[in-house]
Amino acid sequence: MTVGLNAFILVAGLLFAIGMFGVILRKNTLVIYMSLELMLNGVILALVAFSRYNGTMDGNLFVFFIITVAAAEVALGLAIIVALFRLRQSVMVDQLTSLSR
Amino acid sequence: MTDTLFYVFAAITLISALLMVVSPNAVNGAICMIICFVTTAALFVLLEAYFLAVIQVLVYAGAVMVLFLFIIMLLDVNKDTSDLLKDKMTLGASITGFTLLVILTFSVFAGGQHLPETPLLPVMENPTGEGAGIPFTTSAKSFGYSLFTKYMLPFQVTGFLLLAAMIGVIVVSKKHSENS
Chain W
30 MTVGLNAFIL
40 VAGLLFAIGM
50 FGVILRKNTL
60 VIYMSLELML
70 NGVILALVAF
80 SRYNGTMDGN
90 LFVFFIITVA
100 AAEVALGLAI
110 IVALFRLRQS
120 VMVDQLTSLS
130 R
Chain V
637 MTDTLFYVFA
647 AITLISALLM
657 VVSPNAVNGA
667 ICMIICFVTT
677 AALFVLLEAY
687 FLAVIQVLVY
697 AGAVMVLFLF
707 IIMLLDVNKD
717 TSDLLKDKMT
727 LGASITGFTL
737 LVILTFSVFA
747 GGQHLPETPL
757 LPVMENPTGE
767 GAGIPFTTSA
777 KSFGYSLFTK
787 YMLPFQVTGF
797 LLLAAMIGVI
807 VVSKKHSENS
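Taken in sequence, the protein lines are chains W and V. Everything in the first sequence is counted per this note's numbering, starting at 30 for the first residue and increasing by one. Everything in the second sequence is counted per this note's numbering, starting at 637 for the first residue and increasing by one.
Don't read these hints as lab results, they were simulated from the structure. Certain hints may be false.
[Unchecked claim] Subject to a maximum C-alpha distance of 30 Å in a straight line, what follows is the list of computed DSS-like cross-link-like pairs (lysine-lysine): (1) LYS56/W / LYS811/V; (2) LYS56/W / LYS786/V; (3) LYS724/V / LYS56/W.
[Said to hold, decoys possible] Label-pair restraints from in silico Cβ distances: (4) LEU694/V / MET68/W: 18 to 24 Å; (5) ALA112/W / VAL658/V: 26 to 32 Å; (6) PRO755/V / ALA112/W: 25 to 31 Å; (7) THR31/W / ALA729/V: 36 to 42 Å.
C-beta: ideal position from N, C-alpha, C; glycine also.
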């Protein structure tokens with residue numbers, strides 16, 4: 030494969046940028062949360078690429094731990110969103126502004 | 637051949653990620669997200685991280701996105717979809733921020749000041765595991781070896797974190813009784 034490290038890092042950076050775009054643009058809390066997962070995805074792609082081109086296994090193990098923590102984080106975050114919806118009947122961030130008053 | 641595969645999968649990853657962000661329907665966005673995760677797993681296969689590719693498909697595209705789809709359909713938030721283009725301030729701010737971040741990413745690779753292009757190192761077939769750094773291998777055996785020697789403490793902490801997350805989910809989603 031002649032595709033180098035830079036191409037993978039470029040794809041990872043663009044994934045991170047798209048995720049940040051979603052976090053700023055969207056109003057739906059669930060879509061914001063999915064965009065956060067997208068940013069995490071970009072980061073783990075960069076870690077795997079660095080690990081492969083460095084020739085060591087440590088980056089792959091970091092990605093293993095990151096995936097585990099992300100799964101726990103998604104379960105807890107979605108439980109919080111469901112509890113919020115039960116309290117407010119809405120998950121749109123422009124209607125959840127009671128702390129700013 | 638693998639170069640073509642890389643370009644195809646990278647393009648599908650980026651396009652489906654962008655579609656997820658801009659799609660007004662959250663369910664369509666979740667489907668695009670699944671496509672994005674699966675093609676990222678394909679990029680992992682191109683990087684010869686086969687175990688991580690399997691984990692990515694099982695955990696991310698499987699468990700996490702099914703949980704997302706379940707919550708999206710349970711809450712049914714699609715009926716009050718606020719118009720994306722109505723809020724001019726948010727749209728302008730997000731497009732400006734996105735453009736700046738993309739320019740920043742591209743400027744790293746423009747003008748010959750990018751990272752040095754290292755050649756792909758040969759992959760060891762059957763690692764012995766001796767020495768300080770574990771060499772890159774394609775076998776899942778090296779994962780087990782590393783998890784139980786060098787990364788023993790993080791492994792245990794991660795297990796404890798999963799337990800804490802499980803208890804936290806139960807506590808958060810429990811309905812409070814009236815008399816307590």
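For each hint, the structure was consulted:
no. : hint                            : result
1   : LYS56/W / LYS811/V              : 27 Å, holds
2   : LYS56/W / LYS786/V              : 43 Å, violated
3   : LYS724/V / LYS56/W              : 13 Å, holds
4   : LEU694/V / MET68/W: 18 to 24 Å  : 21 Å, holds
5   : ALA112/W / VAL658/V: 26 to 32 Å : 29 Å, holds
6   : PRO755/V / ALA112/W: 25 to 31 Å : 52 Å, violated
7   : THR31/W / ALA729/V: 36 to 42 Å  : 39 Å, holds
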